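In case you want the letters, here they are:
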Amino acid sequence: QAGLTQPPSVSKGLRQTATLTCTGNSNNVGNQGAAWLQQYQGHPPKLLSYRNNNRPSGISERFSASRSGNTASLTITGLQPEDETDYYCSAWDSSLSAWVFGGGTKLTVL
Amino acid sequence: EVQLVESGGGLVKPGGSLRLSCAASGFTVSSHSMNWVRQAPGKGLEWVSSIDTSTRYIYYGDSMRGRFTISRDNAKNSLYLQINSLRAEDTAVYYCAREDQRWAYGMDVWGQGTTVTVSS
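Chain order of the listed sequences is A and B. Going by our numbering, the residue at position 20 of the first sequence is 20; the numbering climbs one at a time, nothing skipped. Going by our numbering, the residue at position 39 of the second sequence is 39; the numbering climbs one at a time, nothing skipped.
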């Protein structure tokens, strides 16, 4: 099953803003939107944003999601050292009747 | 507290079988669509299977179809994944994940995972 496309890595400086992208098609991101997950090595993923771009309870306002066409974005403001980890997007594909994930983006905070 | 706890992983020879379990607490599994997602060592997340609240809609990833079976026991408030004819490429951490009750909104609760290693 074709997955969503994420850049493998993004690097930004401390206290800067990082924008991570996730590109799909009209059957997934373009139609359903994308949810975003954060994962530290050795730990399970954690939901950062629902597909409607709202944050679950307890998620920092520094994380915000948006969508334009077939591309979803996660913006992280005021980068902190603890933001350095892996981020995944996911979406339901109505054509495949399947969840699809992006390959993940490793965010480095310089 | 809402929690998912997986078990049943281990070292299995190629061609063998395993049944993974996921015990839920703090919520009712039958009220949510539930999923299995796996992650091979050093790799990204790969969706395995999902089962909806009615159990009428069950879906599998392309490479899982035919060897994987998802099921649910409401009385035990648990989710299961039966894996047959295991292959080396099935080696991964298998996570159980709950979907938000709003359709396709995202997987909002994850277990710690159980490790499956397929090797002779």
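Keep in mind that a hint or two might mislead.
Calculated lysine-lysine pairs in the DSSO-like style (CA-CA distance at most 27 Å, straight line) [stated by the list, open to error]:
#: 1; chain 1: A; residue 1: 46; chain 2: B; residue 2: 13
#: 2; chain 1: B; residue 1: 43; chain 2: A; residue 2: 106
#: 3; chain 1: A; residue 1: 12; chain 2: B; residue 2: 76
#: 4; chain 1: A; residue 1: 12; chain 2: A; residue 2: 46
#: 5; chain 1: B; residue 1: 13; chain 2: B; residue 2: 43
#: 6; chain 1: A; residue 1: 106; chain 2: A; residue 2: 46
#: 7; chain 1: A; residue 1: 12; chain 2: B; residue 2: 13
#: 8; chain 1: A; residue 1: 12; chain 2: A; residue 2: 106
Covered by chain B, per the in silico footprint, the following chain A stretches (three or more residues, Cβ under 8 Å) [claimed, not checked]:
#: 9; segment: 50-60
#: 10; segment: 96-105
Away from chain B, derived, C-beta distances all over 10 Å, residues of chain A [said to hold, decoys possible]:
#: 11; residue: 21
#: 12; residue: 32
#: 13; residue: 45
#: 14; residue: 63
#: 15; residue: 69
#: 16; residue: 70
#: 17; residue: 108
#: 18; residue: 109
Just so you know, the hints here were simulated from the structure itself, not pulled from any lab data. Keep in mind the model is a prediction, meaning the values are calculated, not measured. From the three backbone atoms N, C-alpha and C, an ideal C-beta is built for every residue, glycine too.
Tested hints:
For the given pair, residue 46 (chain A) sits about 32 Å from residue 13 (chain B) by alpha-carbon distance, which is inconsistent with the 27 Å threshold. Proximity of residue 43 (chain B) to residue 106 (chain A) is assessed by CA-CA distance (about 12 Å); at most 27 Å being required, the pair is judged to hold. Between the alpha carbons of residue 12 (chain A) and residue 76 (chain B) the distance comes to roughly 47 Å, so the proposed pair goes past 27 Å and is violated. Distance restraint check for residue 12 (chain A) and residue 46 (chain A): the Cα-Cα separation of roughly 22 Å lies within the 27 Å cut-off, and the hinted pair is therefore satisfied.
With a C-alpha separation of about 22 Å, the suggested pair residue 13 (chain B) and residue 43 (chain B) falls inside the 27 Å cut-off, and the hint holds. For a cut-off of 27 Å, the pair hint linking residue 106 (chain A) to residue 46 (chain A) stands: about 15 Å separates their Cα positions. With a CA separation close to 44 Å, the supplied pair residue 12 (chain A) and residue 13 (chain B) exceeds the 27 Å bound. Distance restraint check for residue 12 (chain A) and residue 106 (chain A): the Cα-Cα separation of roughly 11 Å lies within the 27 Å cut-off, and the hinted pair is therefore satisfied.
Only when three residues or more bring their CB closer than 8 Å to a CB of chain B does the claim for the segment 50-60 of chain A stand; here the count is 4, and the claim holds. Coverage of a stretch by a chain is defined here by at least three residues with a beta carbon nearer than 8 Å to that chain's beta carbons; for the segment 96-105 of chain A and chain B the count is 8, and the condition holds. Every C-beta of chain B lies more than 10 Å from that of residue 21 (chain A), the closest at about 15 Å, which supports listing it as non-interface. The Cβ of residue 32 (chain A) does not lie farther than 10 Å from every Cβ of chain B; its closest approach is about 5 Å, which violates its non-interface assignment.
The claim that residue 45 (chain A) lies off the interface is violated: its Cβ sits roughly 6 Å from the closest Cβ of chain B, which falls inside the 10 Å cut-off. With a least CB separation of 13 Å from chain B, residue 63 (chain A) remains clear of the 10 Å interface cut-off, as annotated. For residue 69 (chain A), the non-interface assignment is confirmed: its Cβ lies about 18 Å from the closest Cβ of chain B, beyond the 10 Å cut-off. Residue-level check passed: residue 70 (chain A) sits 16 Å from the nearest beta carbon of chain B, beyond 10 Å.
No beta-carbon of chain B comes within 10 Å of the beta-carbon of residue 108 (chain A); the shortest separation is about 17 Å. Non-interface status of residue 109 (chain A) relative to chain B is upheld: no Cβ of that chain comes within 10 Å, the nearest being about 20 Å off.
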